[in-house]
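As you go down the protein sequences, you meet chains G and H in turn. So the first sequence is numbered by the UniProt record's numbering: it starts at 1 and just counts up by one. So the second sequence is numbered by the UniProt record's numbering: it starts at 1 and just counts up by one.
Bear in mind the hints are in silico, worked out from the structure with no lab data behind them. The structure displayed is predicted, hence computed values, not measured ones. The C-beta atom is built at its ideal place from N, Cα and C for all residues, glycine as well.
For each label pair, taking beta carbons as the anchor points, the in silico distance ranges come out as: (1) A222(G) with D25(H): 32 to 42 Å; (2) G228(H) with N315(G): 55 to 65 Å; (3) S14(H) with L365(G): 53 to 63 Å.
Among chain G residues calculated to face chain H with C-beta under 8 Å, some are: (4) C19; (5) D37; (6) K128; (7) R274.
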Amino acid sequence: MIVTVNGTAQEATPRPGQCLRTLLRELGWFGVKRGCDAGDCGACTIHLDGEPVHACLVPAFRAAGRTVTTVEGLGGSCAPGEAGPLHPVQAAFLAAQGFQCGFCTPGMVMTAAALDQGQRRDLATALKGNLCRCTGYGAIRDAIGGTARVEAPAGAPFGSSLPAPAGPAVVTGTARYTLDVEAAGALHLRVLRSPHAHARILRIETTAALALPGVVAVLTHADVPARLFSTARHHIPTDDAADTRVLDSTVRFVGQRVAAVVAESEAAAEAALRALAVDYEPLPALLDPEEALRPDAPLVHGTDDRSGDDAPPLNPHPNLAAEVHGEIGDVAAGLAEADLVHEGTYVSQRVQHAHLETHGAVSWLDAEGRLVIRSSTQVPFLTRDALCTLLDLPADRVRVLCGRVGGGFGGKQEMLTEDLVALAVLRTGRPVRWELTRQEQFAATTTRHPMRVRVRLGARRDGTLTAIELGVLSDTGAYGNHAGGVLHHGCNEVIAVYRCPNKRVEGRAVHTHTLPSGAFRGYGLSQTIFAVESAMDELARGLGLDPFEFRRRNVVRPGDPMVSTSLEPHDVEYGSYGLDQCLDHVEAALREPGPDAPSPDWLTGRGMALAMIDTIPPRGHVAEARLALGADGRYELRVGTAEFGNGTTTVHAQIAATALGTAPERIAVRQSDTDLVGHDTGAYGSTGTVVGGLATLRAAEALAAALRQAAAMQAGLDPSLCRLDGDAVAGPGCRIALAALAEAGPVEAVGRAEGSPRSVAFNVQGFCVAVHRSSGEVRILRSVHAADAGRVVNPMQCRGQVEGGVAQAIGAALYEDLRLDGEGRVVNPTFRHYHIPACADVPATEVFFADTHDSVGPLGAKSMSESPFNPVAAALANAIRDATGARLHATPFAPDRIYRAVIAAQEAVPSRPASAGQRLVRLDS
Amino acid sequence: MDLNTIGSIVTPGSRADLDGWRPGDAWLAGGTWLFSEPQPDLSRLIDLAGLGWEPFAVTQAGLSLAATCTIAALDRIELPAAWIAAPLVGQCCRALLGSFKIWNVATVGGNLCMALPAGPMIALAAALDGRCTIWTPDGGEQALAVLDLVRGPQETALAPGEILRRIDLPAAALRRRTAFRRVSLSPNGRSGALAIGTLDAGGAFVLTVTAATRRPVALAFAALPEAGGLAERIAREIPDSLYYDDVHGAPDWRRHMTACLAEEIRRELAGEAQA
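Just chain G, with the same shape it has in the complex (with noise of 0.2 Å):
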């Protein structure tokens, strides 16, 4: 058939059951995404004959004869691999930077073309069938409407709302994703997965697969190394449980790998797996965390399997992952001396990342016979100190890079297909691609650890805390990947933030046959936060205090000990300090009359939380940067850390530019590619800026230094009299060409940054919320985020990294659950029955930035990227116990399991509780 495609008319022959979105990749028009391949995220907006439509859902062979329009020739015709003129729906959403990862923003601009007056007046429902992970909407409602965010740079780079440079690929579908390569000859990887919770393998037969047509291998677990690993990257590999085979005999959840199939087309590895015949004996499989320790459990790993080196466990139960057990002061006669004590128990759920892009990788062999693998990752240098490990390869014949990587939020701190991908290739000396389907990213990869959280809170009848207690139950599922890190770091700044002598944790993360738990935006926080901060409120309201007074006396202050379960001394310090300038901003925000409850039927209330968290992970995190000048007179920067939407390629560009007094478009920067640099821990914990930034500004200064010093020599002038200026080195009376400083051959130098000390960051979250009487159904009326990232490098990316925390947040807080039956498979594998948040659920966020400069950070920035997820949930839970008097227990907060609370909390009290006056007691429970 044929079909036109922006412009130009292309010969296809379609597969019978293809759909659009294949056949147009196919033709070369990357543009058009997978997101989740069932028109729910609408990545793959396309116009059919002018009517916009998502190219997942329509069989391809009906677009014969008809005209395709996709993202690359919006703006007019274009060849595959190009993009036509810019549309100014694309020259609007770069004005407004109307993307982070830009994965969905294809789709978004399509849709965004197809969009009348009307229904641009009415963003909530024209843009229903477009989800995006990153932004919170706030920049893409911008972009639609006209409103630009980005400024004309004023003075220095840092500190500029400055573009993206990859915005132009970004808005017009040219931006090239993990797997946006043509990749002739490439083979398909597809994955059998495990039906059952726990189950022996007892045999895989694999004849009549490799029968089939097209199929070149199935590997089995007799096919993979012995070695054991954790899927979880971190800067020492021991710090996570080496539990995990690539193919094990042993099935721990369902949905776990148990054969892999190469095949020439996904076709045919489809049609292999359901010819492969295996027999499983089932086994007793442990769903219920809470029955873990007990000594009848069923096992999830053998007694013999050892733990992740960071926060081990003491107790000898195998289901036990790691442990955090400390004590300061005396709890007891903390809570002894405390007029009043609050007590409630807490529980996050299971909820996934849903990064746009799926986790994938696709891997060849390079000339030299060396394993290159393109993987939609966080952490490339690690993944290829791993797979070194896992294959007995040395560091120089395997390479890992990434092209863009379309989100993350921790769920790419894992290997979790590079290992396969490469073990296809070794085998079968082919390139190989592995695209995970969305069920698949639902059922089969990582999510956040589900929690329940204890805790107990006294204070005096002034308000000051006695004492603080937490008990933590973690369930990390099938494997330990990040069980101790999240563990730890969950227990740490939620109480470091508070002054008070006496605090315990006992903190425990065990295994379940679920699907494993992982590194998740806040890294533990988000669930213990969600429990503290709960218990702040009602004790401030016990105490008759307002809740801001409340945190202020309590809250940590520079000079404070941050103590939370160990006097031991620490790395972390008060770089800088803005909490105080966080709670005043949002308390004053609040403050204003806010917007009216819609009817009568909705009551409605003030909630806030506050939130801390260090600048850097602990235990090592290192970034090196080279920068270079080139012959003609240009700077390339290269870094090791990943660009997935956080925005730090402009931040790196920013800083660098700022060190060499010039523009950041003098500025190239590459990024994520084992081959750039000697190593970087990887773009997690919120690194990018504070850890690979410093390395940048290093570099930058000591490159900046050695051009002074060229150019004095040059000019016989001391190197203090000269300053760079664009693109030459300016000095008394002369002023000397970068390009010809660079005659004599590239001048380079190294930046590098440890990841220690290090500092401390803040958030706080407010909210008016309307919560309908009798159904429970909760409206935002208003969302006030105040954050202390010291100096702010580029106020419009960190506003969107504030935006899409808070929306991420908004997420799990109301709506988003992971759901496992009776026999733990997971009930909601798709966007429609997983919802996360869209354009009509996510309010604006007024944003604040603390004005602070950061001792610790470059050019006194600090670190704010997962962060304003953390103080979300609590404030909004807050703000419905105002609303109604009912305190929530359990996040999502979803209209049908909170309006009995709802409804009885009205019956039972008024809905504004007296504040003065009242009877202290004991909430004993």
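Start from chain G and add chain H according to the hints.
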């Protein structure tokens, strides 16, 4: 998504070409559901587009919708002014989880045949006394009320090889006053409860409940009841076991919301009746 087990597509041009239904076949209308989930048991798609059915017809008898009429086309139909139930069409279109882009492809008949509790075309057609015309494989036709077509979640009265050809909404139903209420766990989410009330010129009231229940339920009253009478009928005729249980709403909440929405509808229609 790609349906890799599909070996062939058949595009019949007339009813005479429709014979030969076999296991592994599926009728392809808009394809918005078929292509949204793995279909490993299917091997052939029979494309209904080639039959060229007129999307709709407005006659004195009422509104006749071809099964292949898209949601977008339905939403655009201009209905006679006397058909004061017309706003229900837009309300039900907007109740679809899918956006306007899905409307461009998804069909009315597809929504009915999916038989999802939240299917808004089911709600529309059930509330307006929709009658289905079904083509049987032997060349015959059957008529069936929408209420009888949808038997439960993803379960219809259609036998293999039967095709939903048309849905007729009678003019009498379109002349009724209507009131529409819907609730979901998120503002634009999949309906957790959807209730429609209709009141005819003679004062007869019908409450149609979908989304909350496993199949559509219609409760007819000779006249608009008092609050207590309405609640009692709902409690009596919708047993707990009929409330749907999935991630889009717990059954107890759906039951609670059904009663709330029904009462809101009753009050709205009572207010209009007084005015």
